Amino acid sequence: MKIRFIRIAAIAISMGIIAAGCSSDSSSPSGTDGSSDTTVATDTTVATETSNEWALAYTGATEGEAAGEPVRVGYVNQESLFPEATIGLMAAVDYTNKELSGFGGRPVEIVKCDVAVEEDGQKCGTQFANDPTVSVVLTGTLTVGNASLYAALDQKKPIVIGNGVTVADFVTKAGVAWTTGSIGVIQGMAKFTIKDLAAKTVAVIHSNNAAGKAAFDILLKPLFDAAKVTSVGVGVEDTATATDVQSALQAAGADKVDVLLPVVTVQGCSALYDAIKALGITPKVVTTGLCFGTPVKTHLADIGDKGDFPDGWYFLGYGASYFNPDVESGMQTYIDKVQQYGKPAEGSPLEYTGFAGPLFANFLTVAKFYQQIGVDAVTPEGFNTAMRAFTGPMMIQAGDLGCGVAPFISVCGHVTGIQQYTTAGGWATIASIDVRAAG
Amino acid sequence: MKNSDQLPTRLIIQRVVLAVFTFLLLLILVNQNLRANFLSGSGIASGALIVAVAIGIVLTYRGSGVVNFSNGAIAMYAAYVFAVLRSQGDLFLPPLPNPLSLLEAPVNFFSSGSPLDLPDIPTKISFGDTLGLFPALTITLLFCILLGLALHFLIFKPLRHAPPLTKVVASVGIFLLLQAIVVRRFAATPRPVKPIFRKSPIDLPFGINFSKDQLIVSVLVVIFTFALWALFRFTRFGLATRAAAENEKGAIILGFSPEFLSGINWVLSTVLTGLLGILVASINTAVDPATIPALIVPALTAALVGNFSSFGLTALAGFLLGMQSQLMVYLGVTQSWFPRSGGSAFPGMDKVVPLLVIVLVLYIRGDSLPIRGGVTSGRLPFSPYPSKAAVRLWGPSLIVATAVFGLFLATPSFRLGLTNSLIGVMICLSAVVLTGFVGQISLSQMAFAGISGFLLSKLATEHGVPFPIAPLLGALVAMFMGVLVALPALRVRGVNLAIVTLAFGVAVEAAVFKNSSVNGGLARAIVVPPKVFDSSRVTDYKFLGITIGDGLQPNPMTILLCLIVTSLMCYLVVNLRRSGSGRRMLATRNNERAAAAVAVNVAYTKIMAFGLSAFIAGLAGAISSYRFGSATPEYFTYTQSLVFFAFAYLGGISSVTGAIFGGVLVSGGLGFTFLENILHVPSEFTLILGGLGLITTAILNPEGLAGGWSSRLNKVTARFSHDKEKEIVS
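These protein sequence lines map, in sequence, to chains L and E.
Anchor point for the first sequence: position 387 equals 387 in our numbering, and the numbering is continuous, going up by one each time.
Anchor point for the second sequence: position 100 equals 100 in our numbering, and the numbering is continuous, going up by one each time.
Wrong hints could be hidden among the right ones.
[Said to hold, decoys possible] Straight line, CA to CA, 20 angstroms or less: simulated SDA-like cross-link-like pairs of lysine to any residue:
hint	chain 1	residue 1	chain 2	residue 2
1	E	K124	E	K212
2	E	K212	L	Q420
3	E	K531	E	M349
4	L	K284	E	P201
5	E	K212	L	L300
6	L	K112	E	F674
7	L	K221	E	G342
8	L	K228	L	K277
The set of hints was computed from the structure by calculation and includes no laboratory data.
These numbers were taken from a predicted model, which means no experiment stands behind them.
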């Protein structure tokens, strides 16, 4: 049953820092000042507009069904690992074609290219670079082939990066990621730990690869050092088991630190939970939104523990919350429409709290640019300029956007949101943080 | 005389190693922090997981003489069967070719009416919604019995007199096939496994923390080890198995059937491995296609320490290997003397330890595995002597045809396939030199390719070394590393060497390629190709007034570069086979003592083969990095080495033609471009076909596709000559 969802990221497995899920205070999607404001949500936000009206306003489209010659959009994903990304995208495509009159009245056709091995990145890049009918390429989530994909498409076709998980995703000049991605989430973890939790000692468990090490060395440690917080980082393999994580926790002295920050895969989240349990310790945990996915929920049910998610853990995401959906950010629209149009794999539940959301949002934002530029006037160059100049607001992403900030020049989102789950009280929105702000 | 000189040296080294080991152990035990981490529950549990795979390997070897590289994959497969039965109540079946599709396709092609839809082969046997623990366990163990019987009767019984190379190839094929089936059925992401035991913490004396499930599984592993020891020590079955292992002919005379014993041991091994695989997955609460199979390297190390015969020593070594990995993590975090890279602890040091243990054990023992007293032994694949026509006619024709196809006729997707194939040919060529000509099994060719690729990045990007000096330097350093790896190869051969090279590949991947000082970290290991060869460059080229290319990616000049380098390497290897060096290599492959008796310098020959093989692999790594524009750790993994080895064997491990066939078949190569673009076979079938092809080739056609093609051609030629002779006589 829950199998499809298990795929959610786990192998983001391979690479490490991870595009987190979503969370945070949706009442201030833009204009955050860097300080964290703490608000506790008591009930689900009530929609004041219909989902369709929000989408029509966001994209600038007219209501109705699309007809005529299809507009072709390229799409690259590692389907064997991240089918959820495709579910989100295809739900958005079907919704746009049926209710938002496609792109300028014309239906959208997705040209898919699947990546399984390194060579496939170049294959997909070559395919779309050579295809004059494709003006823009979307990616889902890739752990291999990213670099060669970007090399093949650089300056030929603009790329909208879905869920960046490898270093190449964050430093490429070939495309942009409108979501804050793991970069913002991880910096947000450090700021929240220092400011709101007033920690003096922290242990970081990160994936033992280039991206995971960068998460600790470049994003976390400098902030902790500046705040005079003692930090210890320990790497674990991408496929780390509970036993491996237990070793890492012991080595990091997780039983003594104020806060534990795991930056691990979905599989690592369940392993972390088991390892903490095996050691019999009760650290304060601040982690990414990957740990509030269905795999963790399933795992807790499997081992007979109380609650849907680990009690008291803090989760950081892109800004808007799947669990406390709001209208302004488009989260309510997303949830309504993905449930209407999303097609889960046979025998699996619809998974929409992971990588599906950003792909849905990216597609609707692409639709917005097609409306603005004019469907027949869209060229790779024109789209490239528009997508880089986009300052928001971005669907289900909090805060304004700004692309090209070194060293992660492709990452445009900079605001992250924090939620906490408690067995007694359920979900509470805690804060949102602009990671560009000092302090 | 020579032996008597060597014996004290070896004894001295043995004692030094033992003294160092004892000293380190004492040091660890007296220091409270070191002891707490070394004797931690997680370390012991990690060891138990290694022992779980290792004792299965020993069991298989004692029973059938096969060093089973796929034992970890079997454990993983059983865990998947169990997990799916528990969660869905389904017994999943491997994807099987449907013969009805041969009927369906032509009928639908000619029919204009409603398409013919014949039944598909079922993909699962359903037992209901979910299954309880005991029914799922029972069905999984029954499945393991069938798997053991299938492995014995379909694969290893036909190979019982085959040389070790063939058995290694078959077990690597099983490894790849089982992994590919699981990826095809369930994707590569982890699948949750309902834990069998609870995870509550248990505090033991000396500050050891266990969780309940870790303690139970560790104790169970120890019990199984004792049980196996007792089985082989005290029962008639165990004595008969040992007798058959030492002297097969003698066992037959005594009325035992070695084949029957082998079959029983295979079943016992798969059941035990399957059961322990389920327990391992239960501790991990998840199973994925990579984690348990990756235990094969420490498990082989433990089995080697136990000399593939002692269950007790194997278990002890397995536990120690698990415990050292926990200690390494602790040392890396806390000790300033621990090797560092970019401020962080040097990665993968726990993976280097098994390699060091293997090298030490093999050096000290020297005499490798206990030799099985087989009745007969099979021959290695035939290495044909290249004809003059092949060198002077077919070779240049093939190059010209490839160039014309690649530069003028091929569509972009086939051009890309051709590029992948040409790189693949080079990797396969490196295996031909080492395995095909000298009989040395290397499972680390991608490590040499990676060394060259990453070095190229440093040389070209950071130091501005131009093309072609930079790739040549990269390949030369790979060659140097190859020579270093050859040093243990002077003392070991066959399966042991396969184990050494596999451990080398894993260690290099973990400690070197994943090191941010090597892979460039955030900046990545960029490799900027010369503009003319840049794969993403789109421009037309004029040559003698003719336009080359269609102005689309990939750049035809990239193919030309690959073609030139591959052709040069092919000619090098063809001429090597024709030369005296080639003959000395083949003499070494057939019988090292006999070769030495006719004045062949066996050591020099082996070192030369290793060096040349690593040079070719290094060149392939460099050219490949130019093609991608960067060197990435994901391309140079140990599993990639296994995959390329599989395709090299499938194509024909002992000839250049075989390497060309292998290159055509590699992932993303011409063969699969054809399958994908023309026949619309999804690319994920690559590994399934590769694994299946490898097993089939090992059993039915050890010469590979090239050998089969060549022998058929020879038969036709012979028949033609025979008819001509008859004409003349009449």
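Comparing the hints with the structure gives:
no. : hint            : result
1   : E:K124 / E:K212 : violated, 34 angstroms
2   : E:K212 / L:Q420 : violated, 29 angstroms
3   : E:K531 / E:M349 : violated, 39 angstroms
4   : L:K284 / E:P201 : holds, 19 angstroms
5   : E:K212 / L:L300 : holds, 17 angstroms
6   : L:K112 / E:F674 : holds, 19 angstroms
7   : L:K221 / E:G342 : holds, 13 angstroms
8   : L:K228 / L:K277 : violated, 30 angstroms
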